[in-house]
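**Q** Sequence:
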Amino acid sequence: MADEMADEMAGKVRKTEQEQDAFVLDRRRRLHELVVALIQQQDELELLDGEAPRLDVAASSAQAHDPARWLDRNRRVLQRYQALVRSAVTIDALLDAE
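The numbering of the sequence shown is the numbering used here, which starts it at 16 and goes up by one.
Hints are computed from structural coordinates only; laboratory data are not their basis.
Label-pair restraints from in silico Cβ distances: (1) N89 / D111: 28 to 34 Å; (2) L110 / D81: 41 to 47 Å; (3) G65 / R44: 26 to 32 Å; (4) E32 / L109: 25 to 31 Å; (5) E23 / E61: 52 to 58 Å; (6) D36 / Y96: 25 to 31 Å.
Virtual Cβ for every residue (Gly too), placed ideally from N, Cα, C.
Go ahead and model the full structure; you've got the sequences and the hints to work with.
**A** Structural data, given as structure tokens:
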């Protein structure tokens, strides 16, 4: 009797975990679709500059590859992406609330 109850409880736990996993995957898919839609609405969306400035360049060309400017630009680009993701999360939450 106790074994049957334990098996039943384990089955319910597995079902609950599967439902939670399905919910998380569905929400992640919805958020992805919202972010893609928001990106498509942007006029111009910059990409992060992967070309890190070299610190061993001559002083005359250092201004063109200023590490502070590079970091600042990438920070601004990242903040714009974060704003898009936050907007998608907000839209998804509003849709869930309706």
